[in-house]
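The whole structure should be built from the sequences, with the hints applied where relevant.
These protein sequence lines are chains A and B, in that order.
1 is the number of the first residue of the first sequence in our numbering; add one for each residue after it.
1 is the number of the first residue of the second sequence in our numbering; add one for each residue after it.
Derived from the structure by calculation, the hints contain no laboratory data.
Careful: at least some of the hints might be erroneous.
Label-pair ranges, simulated between beta-carbon atoms [what the hints assert, rightly or not]:
| # | chain 1 | residue 1 | chain 2 | residue 2 | range |
| --- | --- | --- | --- | --- | --- |
| 1 | A | Ala45 | B | Leu7 | 52 to 58 Å |
| 2 | B | Leu163 | A | Pro213 | 37 to 43 Å |
| 3 | B | Leu154 | A | Glu140 | 45 to 51 Å |
| 4 | A | Phe117 | B | Met159 | 22 to 28 Å |
| 5 | A | Val94 | B | Ser99 | 42 to 48 Å |
| 6 | A | Trp114 | B | Trp134 | 21 to 27 Å |
| 7 | B | Glu53 | A | Leu41 | 46 to 52 Å |
| 8 | B | Asp162 | A | Thr285 | 38 to 44 Å |
| 9 | A | Leu148 | B | Trp134 | 45 to 51 Å |
| 10 | A | Val94 | B | Arg38 | 34 to 40 Å |
| 11 | A | Gln260 | B | Leu7 | 55 to 61 Å |
| 12 | A | Phe117 | B | Val10 | 34 to 40 Å |
| 13 | B | Ser125 | A | Tyr20 | 17 to 23 Å |
| 14 | B | Gln158 | A | Leu41 | 47 to 53 Å |
Below are the DSS-like pairs computed for lysine-lysine, each with C-alpha atoms no more than 27 Å apart in a straight line [said to hold, decoys possible]:
| # | chain 1 | residue 1 | chain 2 | residue 2 |
| --- | --- | --- | --- | --- |
| 15 | A | Lys257 | A | Lys67 |
| 16 | B | Lys126 | A | Lys67 |
| 17 | A | Lys244 | A | Lys67 |
| 18 | A | Lys52 | B | Lys126 |
| 19 | B | Lys126 | A | Lys257 |
| 20 | A | Lys52 | A | Lys67 |
Cβ-to-Cβ under 7 Å is the rule here; a few derived chain A residues that face chain B [to be verified]:
| # | residue |
| --- | --- |
| 21 | Arg75 |
| 22 | Ser141 |
| 23 | Thr285 |
By construction, the Cβ of each residue, glycine as well, lies at the ideal position given by its N, Cα and C atoms.
Spelled out from the first residue to the last, the chains are:
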Amino acid sequence: MAQVGHIDDGSLSPRRLDPYALTWRLPIIAWQVLFFVGPLLFMVAMSFFLVKNYVMQETFVFDNWAKMFSRNYFRDSYVYTLFLATLSTFVVSVLAFPASFALAFKVSDSTWRWALFLLIIPFFTSYLVRIFSWYVILAESGVINAMLSIIGLGPYTMLNTMFGTIVGYMTLTLPLVVVLQTFSLANIDRNLVQAAHNLGCSPWRTVYTVIVPLAKTGLIVAALFCFILSFGDFVSPYYLGGSKPPTLPILIIDTTKSGQQWPRAAVVAVVMMATLITIAFAAITLAYRKRTSR
Amino acid sequence: MRSSSLLTGVLRGYTALLFVFVFAPIAFSVIFSFNSARFPTIPLESFTLHWYETIWADPDVWQALRNSVVVSLCTSVLATALGFATAYTDYRYNFRFKSAYLALVLLPPTIPLIIMALAMLAWFSKIGASGELWSIIIAHTVLAAPFAMAITRLRLNQMDKDLESAAWNLGASEWRAMREVIIPFCKPAIISAAFLTAAVSFDEFAIAWFVSGLNKTVPVLILEIVQGNIDPQVNAIGTFVFLVSITLVIAAQVFFSIRQSKVSL
Numbered sequence: 001m002a003q004v005g006h007i008d009d010g011s012l013s014p015r016r017l018d019p020y021a022l023t024w025r026l027p028i029i030a031w032q033v034l035f036f037v038g039p040l041l042f043m044v045a046m047s048f049f050l051v052k053n054y055v056m057q058e059t060f061v062f063d064n065w066a067k068m069f070s071r072n073y074f075r076d077s078y079v080y081t082l083f084l085a086t087l088s089t090f091v092v093s094v095l096a097f098p099a100s101f102a103l104a105f106k107v108s109d110s111t112w113r114w115a116l117f118l119l120i121i122p123f124f125t126s127y128l129v130r131i132f133s134w135y136v137i138l139a140e141s142g143v144i145n146a147m148l149s150i151i152g153l154g155p156y157t158m159l160n161t162m163f164g165t166i167v168g169y170m171t172l173t174l175p176l177v178v179v180l181q182t183f184s185l186a187n188i189d190r191n192l193v194q195a196a197h198n199l200g201c202s203p204w205r206t207v208y209t210v211i212v213p214l215a216k217t218g219l220i221v222a223a224l225f226c227f228i229l230s231f232g233d234f235v236s237p238y239y240l241g242g243s244k245p246p247t248l249p250i251l252i253i254d255t256t257k258s259g260q261q262w263p264r265a266a267v268v269a270v271v272m273m274a275t276l277i278t279i280a281f282a283a284i285t286l287a288y289r290k291r292t293s294r
Numbered sequence: 001m002r003s004s005s006l007l008t009g010v011l012r013g014y015t016a017l018l019f020v021f022v023f024a025p026i027a028f029s030v031i032f033s034f035n036s037a038r039f040p041t042i043p044l045e046s047f048t049l050h051w052y053e054t055i056w057a058d059p060d061v062w063q064a065l066r067n068s069v070v071v072s073l074c075t076s077v078l079a080t081a082l083g084f085a086t087a088y089t090d091y092r093y094n095f096r097f098k099s100a101y102l103a104l105v106l107l108p109p110t111i112p113l114i115i116m117a118l119a120m121l122a123w124f125s126k127i128g129a130s131g132e133l134w135s136i137i138i139a140h141t142v143l144a145a146p147f148a149m150a151i152t153r154l155r156l157n158q159m160d161k162d163l164e165s166a167a168w169n170l171g172a173s174e175w176r177a178m179r180e181v182i183i184p185f186c187k188p189a190i191i192s193a194a195f196l197t198a199a200v201s202f203d204e205f206a207i208a209w210f211v212s213g214l215n216k217t218v219p220v221l222i223l224e225i226v227q228g229n230i231d232p233q234v235n236a237i238g239t240f241v242f243l244v245s246i247t248l249v250i251a252a253q254v255f256f257s258i259r260q261s262k263v264s265l
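Written as structure tokens, this is what we have:
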């Protein structure tokens, strides 16, 4: 059974049914087809079903699509969700950048390892409870307004505003964006930065003309993750933004939970997926595009 | 160079502030869970264990905790096993449609949870599997397996490419080489993946909320309490949840950073 080459190439080994190889390869295929691709395809099909007397009938009609697209609240919600996610992406990318810059260039390796260790924790830690905590902190009589009142300011209304929603999105995305940005900045060839400095380029100009273009791919990928997470989140716009108007994820919940209109919720979900795929495709094209010569 | 060191100081201070922002909600949740005020704010009122006593005496909390533990444990085992098998396949084999294979495995975390929740709810109803604890386990495994795959794959990157072939040349079967070379080498990654996937499952609320039916997990219970009113007992449950998930994530990171230079054969 001795094999010389390590990597088995399917084209080289004609054995189609290698039980050992299939043992490791097949389980995830079966699992993902049954429980990942299956549900998503069924959801697309469901958007053409009809609900009659609270019973879903497996039909193929465009009623749900026609109904949802004729509703103003759906269009408003779509535009608003797109706007919020875009705003969040810009705000988070801009606020994260100085910190990523500092972690990539201005701290020791061990500090960066500790920072990475700390930034990974919140990404996997009860987002829902953190948002509830913000709810209390941002409230009219909450911690921030209590602090501001000491110096004679406020109270400011921060809950049920766009500000609240963005704070929530930041809670979700900021740690991830800082990690991704720092990785891309740390990969830059330091000699190029040094060269710009030696040629008399000011620090600001170095950032804009050397560092940002070199780290472009990573920065765009980080922004894309921020957009996807913000676009799909329902907790922040609901609890901190007051759901006025509801975003698409909130619309899915309302339509599913109270309306029992799963097919119409599926229309919203399919529209969301199509939007995300388009934006992801555009972002990746932009991220990997070769710079044109100037 | 004064302006440069000033700039460095400003940047470091800014980064510290960003960390304060990230950890402030966790810190305040812990502080308020011991505070007697009905509406938590500063200045703090007196120290109390009242909120913890309330949740300790609540049978719903215990039931939700039991559900969460079962779901997290099962998800952890399933996702880690699937993730390992996939990482090994990616490490060792080349085959047609391999990029499609990898996309199939790695895409789930990029799909918004609310969309997965709706799709899972509809699909499980269709195949008659909704409202059960194991429906949550199945859905969470889809979500968590990519993380297990990534961790194991990174570990396999550190393995000497010739180690496995050496075992074969010494007469070990593929199965034996797996048992005595690959798995021991991947052990820290496997343990790390088990902790991380448990954390992913323990904190997930959107899918669990949609498909759980009456079998609420802890995050779903929190979601329902939060929908009612400001209730400081959420801080007590939240502090407990933070404690569990932070412990799991730290354990995952500690095991992942263990660098084994040798494999005991």
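**Asked** Taking the closest Cβ pair, is arginine 75/A under 7 Å from chain B?
**Response** Hint on arginine 75/A: violated, closest Cβ of chain B at ~19 Å, above 7 Å.
**Prompt:** Between lysine 52/A and lysine 126/B, is the straight-line Cα distance small enough, at 27 Å or below?
**Reply:** Roughly 17 Å between the alpha carbons, so the hint for lysine 52/A and lysine 126/B holds.
**Holds or violated: lysine 126/B to lysine 67/A, with C-alpha atoms at most 27 Å apart** = holds, 24 Å
**Message:** Tell me if the straight-line CA distance from lysine 244/A to lysine 67/A falls inside 27 Å.
**Reply:** holds, 22 Å
**Prompt:** Could one say that the CB atoms of phenylalanine 117/A and methionine 159/B fall in the range 22 to 28 Å?
**Reply:** Given range 22 to 28 Å: holds, Cβ gap about 24 Å.
**Request:** For the pair we were handed, lysine 126/B and lysine 257/A, check the Cα-Cα distance against 27 Å.
**Result:** Distance ~17 Å between lysine 126/B and lysine 257/A Cα, so the pair holds.
**Message:** Given the hinted pair lysine 52/A and lysine 67/A, is their Cα-Cα distance within 27 Å?
**Reply:** holds, 15 Å
**Message:** A range of 47 to 53 Å was offered for this pair. Does it hold for the Cβ distance of glutamine 158/B and leucine 41/A?
**Reply:** violated, 38 Å
**Prompt:** Quick one: are glutamate 53/B and leucine 41/A within 46 to 52 Å, going by C-beta?
**Reply:** For leucine 41/A against glutamate 53/B, whose Cβ atoms are near 49 Å apart, the range 46 to 52 Å holds.
**Prompt:** Honestly, do leucine 154/B and glutamate 140/A meet the 45 to 51 Å range at C-beta?
**Reply:** holds, 47 Å
**Prompt:** Using the C-beta atoms of alanine 45/A and leucine 7/B, is the stated range 52 to 58 Å upheld?
**Reply:** holds, 57 Å
**Request:** Just tell me: holds or violated, for the beta carbon distance of serine 125/B and tyrosine 20/A against 17 to 23 Å?
**Result:** Given a distance of about 38 Å, which is not inside 17 to 23 Å, the answer is violated.
Consistency with the previously given hints fails for numbers 5, 6, 12, 13, 14, 21 and 23, ordered from lowest to highest.
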